[in-house]
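A.B. asks: For chain E, the structure is supplied; the task is to place chain A on it using the hints.
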Amino acid sequence: MTCMEAAGRAIDHLYGELAGSERRSFEVHLAGCESCRREREALERTRRSARTALLGPLSQAAPGRIHGQILKDARQEAERLRTERAAAPPEERATRAAAVRDGVSAWLRRPWFLPAFATVSLLAIFFIARPMLTDGPRRAFEQGLSRPAPMAAREATAPTLAPTVGPPDDETARPAPAAKRAVPVARRRKAQPDRDIVLYRDQAGLAEAKAVTSKSDSMVSAPAPPRAEPRGYRLQQPEPKPPVSAADLSLRLPGSEAKSGLPAAAPPGGRAQLQPFASGALPVEAADSLAPLAPPLAPMRAFVRAPSGPAASAPRPETASAVRPEQLPAIESLIEKADRLFVERRWQLALDAYRELLRRFPIHPRASEWRRQSDTAIRALAR
Amino acid sequence: MTDEALMAAYRTGDAKAFAELLSRHERALWNFVRRFVADGATAEDLLQEVFLRVVRGAGQWQPTAKFSTWIYTIARNLCTDHARRMSHRQTTSLDGPALPGGQADGSGPRHIDGVPGPDPGGEVALDNREMTARIERALAALPIEQREVFLMRELQDMPFAEIAVAVGASLPTVKSRMRYALERLRVALEEWREPGPSPALASGVEQIS
Numbered sequence: 001m002t003c004m005e006a007a008g009r010a011i012d013h014l015y016g017e018l019a020g021s022e023r024r025s026f027e028v029h030l031a032g033c034e035s036c037r038r039e040r041e042a043l044e045r046t047r048r049s050a051r052t053a054l055l056g057p058l059s060q061a062a063p064g065r066i067h068g069q070i071l072k073d074a075r076q077e078a079e080r081l082r083t084e085r086a087a088a089p090p091e092e093r094a095t096r097a098a099a100v101r102d103g104v105s106a107w108l109r110r111p112w113f114l115p116a117f118a119t120v121s122l123l124a125i126f127f128i129a130r131p132m133l134t135d136g137p138r139r140a141f142e143q144g145l146s147r148p149a150p151m152a153a154r155e156a157t158a159p160t161l162a163p164t165v166g167p168p169d170d171e172t173a174r175p176a177p178a179a180k181r182a183v184p185v186a187r188r189r190k191a192q193p194d195r196d197i198v199l200y201r202d203q204a205g206l207a208e209a210k211a212v213t214s215k216s217d218s219m220v221s222a223p224a225p226p227r228a229e230p231r232g233y234r235l236q237q238p239e240p241k242p243p244v245s246a247a248d249l250s251l252r253l254p255g256s257e258a259k260s261g262l263p264a265a266a267p268p269g270g271r272a273q274l275q276p277f278a279s280g281a282l283p284v285e286a287a288d289s290l291a292p293l294a295p296p297l298a299p300m301r302a303f304v305r306a307p308s309g310p311a312a313s314a315p316r317p318e319t320a321s322a323v324r325p326e327q328l329p330a331i332e333s334l335i336e337k338a339d340r341l342f343v344e345r346r347w348q349l350a351l352d353a354y355r356e357l358l359r360r361f362p363i364h365p366r367a368s369e370w371r372r373q374s375d376t377a378i379r380a381l382a383r
Numbered sequence: 001m002t003d004e005a006l007m008a009a010y011r012t013g014d015a016k017a018f019a020e021l022l023s024r025h026e027r028a029l030w031n032f033v034r035r036f037v038a039d040g041a042t043a044e045d046l047l048q049e050v051f052l053r054v055v056r057g058a059g060q061w062q063p064t065a066k067f068s069t070w071i072y073t074i075a076r077n078l079c080t081d082h083a084r085r086m087s088h089r090q091t092t093s094l095d096g097p098a099l100p101g102g103q104a105d106g107s108g109p110r111h112i113d114g115v116p117g118p119d120p121g122g123e124v125a126l127d128n129r130e131m132t133a134r135i136e137r138a139l140a141a142l143p144i145e146q147r148e149v150f151l152m153r154e155l156q157d158m159p160f161a162e163i164a165v166a167v168g169a170s171l172p173t174v175k176s177r178m179r180y181a182l183e184r185l186r187v188a189l190e191e192w193r194e195p196g197p198s199p200a201l202a203s204g205v206e207q208i209s
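Note that the protein sequences, when read in sequence, are chains E and A.
All residue numbers for the first sequence refer to the working numbering, where the first residue is 1 and numbers rise by one.
All residue numbers for the second sequence refer to the working numbering, where the first residue is 1 and numbers rise by one.
Chain E on its own, in the form it takes in the complex:
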């Protein structure tokens, strides 16, 4: 929030008419801006003085003379209202009922009434039924109805580094790279676009993704297929099936199929699994940095695609940075926490919180604000 915006909201804030995030960002601005804070305090003082003058002991009661006169008028009128009511209630009620009847039939007679009513009803049905339609496949998936073939079955045909999460279905329709073609890949699970989310893309994420890729390269001695660097992660919800750990994958290198049927090590409970997108890369456990986000993130997946790989049809991270609606409360509470720390002038904690937010959501609409407030916190710490 700029000083100008803050000035425009000062009156609303003074009278308690600023709510929610607007109030918060106003208070955050005030905490970091001395001149706006002074301005606000001056307004508050003026208001207090004015109220003391207007409502304090020196304010005046209405003169008693007119009090009696007004009450006398009111009683007379009340009497008149009562007698009027007593004189004509049944008749009045009858006419009222008739008016309602006439009103309803008049509506029904209008030429536009029936089509309009039908349209409204259809819309209502659509909106009520929509969640069921869109949630249906998702629920079925969650219950394991469309889970891919068991790992053992897949590995029988694919002694390979086939990723547990396959590329989207459209990849099979495109000419596959030579190395990939040599490897028969069993059924690949379809990506679930509506469950996918691009959570963030930033330099830290890129660096970690590179680390993941180089790690994969060092572990894989088989001819690596030509692939581009992944730019981030696909976060996968832990599935009921045993997930693939690095140890398991090392067993599945060419020539060691014999051990591939062994059950994989159980993942850390509830921890999201990170799986590089490009085929051939190794799944790696979720970065610790994401662990604090795990509870809200668990039901979703974040992924980033290879920039020019064959699989480039899903939402591109550059454009798709949306966060799923059910994520919002979690993010909101993080932002709120940071703002609160800032307002309370716990600079170090606020700075850490904003840095964390910036690291996770660098393209959030409020990111520039967080940067400004981080700078303010840094300056305050330097003092």
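Check each hint, because a few of them may be wrong.
Here are the simulated DSS-like pairs of lysine-lysine, each with C-alpha atoms no more than 27 Å apart in a straight line [said to hold, decoys possible]:
no.	chain 1	residue 1	chain 2	residue 2
1	A	K16	E	K337
2	E	K72	A	K16
3	A	K66	A	K16
Simulated from the structure, these hints should not be mistaken for laboratory data.
Predicted model, so just to flag it, every value in this text is computed and none were measured.
C.D. replies: Okay, now just chain A, sitting in the frame of chain E:
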């Protein structure tokens, strides 16, 4: 019981409901009216007229309308009409000299000194009295549009949206009028406090340093 429920009861002939409404709003409305009309007798007439209109309009009043918005709409219409009529004539100012031929520089007794009010006594009272006089003067100097917005907000705690309905202006307009009114009062108070730093300011400085 809300104002609206009381009004609905009054419509059925319950005079007690109106007595309750009167006791709730009388004081604030009196303080509202007084700041548009310098002459006490005229102010009394106007207040009575406001309630008389409420009484007569009870039959037409719709339960969907907020009572406070309605009664303040009536009051501000009566007051602004009166103030406009008066602006063409000579009026008696509360700050004017109370005695015929009194000093114009304000050193003699003034009308406002004769305005009755409970006296809490002591220095605080004197300070309050002076501040009140300051604020009254600044209020009287405000344009009518700003004054009515300020008074509705402070006397009745009306939300800005309701004030906008009562005065027939847009919400941003109402807010900016409120802001101007506060700024002018602030200037008036700061001039008064100029000689020495105010306690509030001093404590603020301490807090900052």
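A.B. asks: State for each hint whether it applies.
C.D. replies: Hints, verified against the model:
1. Proposed proximity of A:K16 and E:K337 is contradicted: the alpha carbons are some 51 Å apart, above 27 Å.
2. Annotation: proposed proximity of E:K72 to A:K16 holds, straight-line Cα distance about 12 Å (limit 27 Å).
3. Using a Cα cut-off of 27 Å, the hinted pair A:K66 and A:K16 holds, with the two alpha carbons roughly 20 Å apart.
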